[in-house]
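Visitor: One letter stands for each residue in the lines below.
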Amino acid sequence: MEHPLIFTSAILWMIVWGTVGGVVTPRIYLRRDLDVSQAGFAGATIGAATGPFGLVPVWLYTPKLRPVWSILSIIGMVGIFVVSFSLADPDNYCVSSGSFVASQLTNGIVIGIIYGLMALGLTLIFSILGIVSFAHGEFYMIGGMVVYYFTKVWFPGSHPLLALVAACLITFAIGTVFERIFLQPMHTGKVERPGEYAILVTFGLAFFLQYLVQAVAGANPVKASRFFDFPRLAFPSAENAWLLKTSRGNLTLFDTVSISNPRFTAAVIALVMLGLLLLFLYRTWTGKALRAVSQDRQAAAVAGINPTTMNTLAFALGGMLAGLSGATLVQAFSWLPQVGAIAALRSFVIIVLGGMGSLPGAFLGGLMVGLIEAAGTGCIPDPTRASSYIPAYGMIVLTLVLLLKPTGLFGREL
Amino acid sequence: MRRWLPQALAGLAILILLLFPLVYSRSDYNFIMHLWITAFFYAILASSWSLLAGYAGQFSFGHMAFMAIGAYGSGLFSNYLFWTSEPTNLCYEIQLGGRWLVLLDPIGVTSTQNTCLDRAIAAWPSSVVVTQPSLWFGILFGILLGGFFGFIIGALVLRLRATYLALFTIGFSEILRATISAEIPVTRGQAGLELPPLYPNGITVLGRFFDATDKIPPYYTMLLLFLGCMAIMAWLERSRFGLFIRSLREDEEAAAALGVNTVRYRILVFVITSMMAAAAGAVQGHYIGIITPNILIILQMSLVISMAVIGGLESIVGAAVGAIIVQFALELLRNSFTIGTITVDMSIWRLVFFGLLLMLTLRFWRNGLVYPILVRFSRAGVARETVAKRQQLPEGEDSRGAR
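Protein chains in written order, with this note's numbering: chain A, 1 to 414; chain H, 1001 to 1403.
Hint data in this document are derived by calculation from the structure and do not stem from the laboratory.
Treat the hints with care, as some may be off.
Quick list of the computed label-pair ranges, beta carbon to beta carbon [what the hints assert, rightly or not]:
| no. | chain 1 | residue 1 | chain 2 | residue 2 | range |
| --- | --- | --- | --- | --- | --- |
| 1 | H | R1246 | A | Q184 | 26 to 34 Å |
| 2 | H | I1203 | A | P52 | 21 to 29 Å |
| 3 | H | I1373 | A | I390 | 40 to 48 Å |
| 4 | H | I1342 | A | A301 | 45 to 53 Å |
Partial list, derived from the structure: chain A residues whose beta carbon lies under 7 Å from chain H [claimed, not checked]:
| no. | residue |
| --- | --- |
| 5 | G79 |
| 6 | F81 |
| 7 | F182 |
| 8 | F208 |
| 9 | L212 |
| 10 | S388 |
| 11 | L398 |
Chain A regions said to be covered by chain H (calculated; three or more residues, Cβ under 8 Å) [to be verified]:
| no. | segment |
| --- | --- |
| 12 | 13-27 |
| 13 | 145-157 |
| 14 | 402-409 |
Bear in mind the structure is a predicted one, so any value in this text is a computation, not a measurement.
For glycine and all other residues, C-beta sits at the position ideal for the given N, C-alpha and C.
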């Protein structure tokens, strides 16, 4: 970094004024007997984005704080961050090279779609059962493992789509059995303090499944082959044909952006699954029943929906979505019994960012986390350091969201 | 009747632990001693976590992070701070009395460059004395650092409940792990930070000399730390503090309405338990001699949780006993065996069994496996006494007390 002073002072400026805004604004609103529910968050964002120029008028006139201001301020904060970074480090690859930025952005969105699918499962579980499954990453890992074993060991040469179906069935079955045995008593009042019990018992499931897979499959990394070998796609290509016949191609857009084949197929499968899921949730009786239970348990029970069945279905379906995203990604990354942990942490970040229990929030959160990770990996000057910090980017987002706005982007009020 | 039984049993157990290294003399002496030291280490962690999670209801998954803060605080202290009798004029230094406290510059693992102190030593005459501060100050520094971070985390999570708190503390733990792995020049990253042994020059107790690699001094150090932590926690548990933090667990609003300063006690329980974890981490770090960021992986936290749950989440003694039992069971189950043609790799399968045991314990024995036994012992005779008293009452009166 050439001029680190510019960058650090911009960050410090935002932190200092964000803290001042977050601490002082609620006090002023409280003293004038106004609504303080939004004051802390709005004060922090306005302070961080505009400093004293925005804060002082707010303090003087104490207007009703609109959510739009916070959103604009957050965009402003991102703007300040980007501008100060590019001023401070003009030679950085992600400032000087437009095609690099475009490629990172596209790859971030592509991987974000799959993250979103996985987080969707977690948020579905939360919206129905009211718990966060700490074993979500293990479902993801098992999904990938099943695809690998199905296509390489059990039935070599079988079509990968069959393996995807098998992964779905197995993760669905594990979810059903676990929910029936361990989570069902929560809702019948057989365990004390069900919330804490759920945290610990899903944590225990994660521990158990991870080592079970390690004991059965070993600790060596495995990797499935690509699902589809498509010809090298270049759009639009220099030679008039935009289908070039090479066996193992990637998707290339406008000669600059290259998306690797496994990620592309994974994203397409994820989008198809997302469409099917929405169809299921909004067009079938069972899907509508699920949504009804998430809105009001008692009213749904009165209307003839069995909440117990819906619990099981939601948990199994959530686990299946995680398994499916693992199953699509096993062709892109090498697979270990430990891969679940990082994926689970990422899903936690996404659902907290999007708002716990919100389906669109989970999807948008997935895209955002994908972009943040892509930017973080591409732009940090020191590459070895950057790769060590990858899990931390999301965690920093999680920490900030939990501290400033625990309801997330689309969450219901706590 | 037998009211003295629990105290007598506890006294007997402490006596056995105190005498054990002097009496035991089989060939696997060093291995068993190592097991005991590690078991005490986990016992401190599990029992302090049970105070935090079982008593106060704060399900923190960041307990190992505080342990690591203690270990790394102490390790960095003993790797980067030196006393010299002359100023180096190259490093950051402060004059204290007639000596200079020198802070080394971080140079990393593979650097060919020498530290500022090495360069200064090369230029000095041999009369200059370079010594290290006592590592007990390092351990103290680690404990205080753990308490400081416990205070910060405790204050930050005031608004968060159950699930959110668990997520936040996992996040904290992961950020810390990433930072330690990434800041290689300072922490040496995955290569690990080396720590001097607890008694670098050996120690002479009662006329017997123990050298730095002897297991007996660290055994007693860890045992005393363990007993000290247990004593503090047992005292806290019986005091108003114990009542107040249990009221936080049951119903925070009601507790606040009844005049419990919930903010103070929530922060205080975080500070106390994280200081204990940091102390355990610092001493264990010096005993093992090297610490890596892998002490922060989720497996370690899972182990502490399963120890506390199997022992009894809502009992400090239960959690400690559970930790010792689980630690011994885990180590003694390491031996792989063969049935016919199938070799069972017990080093992995034992963890599978413990995962299953953790889930089943949670589901069917909410109070853990050890705690009910302890209760049986400590209430021995009480039931019979009550029955006997009831029978002495005149007819008709006992039916009021009966449900």
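Visitor: So, for every hint listed, does it hold in this structure?
Guide: Hints, verified against the model:
1. Roughly 28 Å separates the CB atoms of R1246/H and Q184/A, a value that falls within the hinted 26 to 34 Å.
2. Taking 21 to 29 Å as the suggested C-beta distance range, the pair I1203/H and P52/A does not conform, at roughly 60 Å.
3. Checked against the given bound of 40 to 48 Å, the beta carbons of I1373/H and I390/A, roughly 46 Å apart, stay inside it.
4. For the pair I1342/H and A301/A, the beta carbons lie near 49 Å from each other, so the given range of 45 to 53 Å is met.
5. Because the beta carbon of G79/A sits about 25 Å from the nearest beta carbon in chain H, more than 7 Å, this interface hint is broken.
6. With a least beta-carbon distance of about 19 Å to chain H, the hint placing F81/A at the interface is violated under the 7 Å criterion.
7. A cut of 7 Å between beta carbons decides the hint on F182/A: the least distance to chain H is about 6 Å, and the hint holds.
8. Taking 7 Å as the C-beta contact cut-off toward chain H, the hint placing F208/A at the interface holds, the least distance being around 3 Å.
9. Interface hint status for L212/A: upheld, as the beta-carbon distance to the closest one in chain H is roughly 5 Å, under 7 Å.
10. Below 7 Å, beta-carbon pairs count as interface contacts, and S388/A has one with chain H at about 4 Å; its hint therefore holds.
11. Contact between L398/A and chain H, as hinted, is supported at the beta carbon level, the nearest pair being about 5 Å apart and thus within 7 Å.
12. For the segment 13-27 of chain A, the stated coverage by chain H is not satisfied: 0 residues place a CB nearer than 8 Å to a CB of that chain, which falls below the threshold of 3.
13. Closer than 8 Å: that is the beta-carbon criterion, and the segment 145-157 of chain A has 0 residues meeting it against chain H, so the requirement of 3 is violated.
14. With 3 residues bearing a CB less than 8 Å from a CB of chain H, the segment 402-409 of chain A meets the requirement of three and the coverage assertion stands.
Hints 2, 5, 6, 12 and 13 from the list above are not met by this structure, while the remaining hints are.
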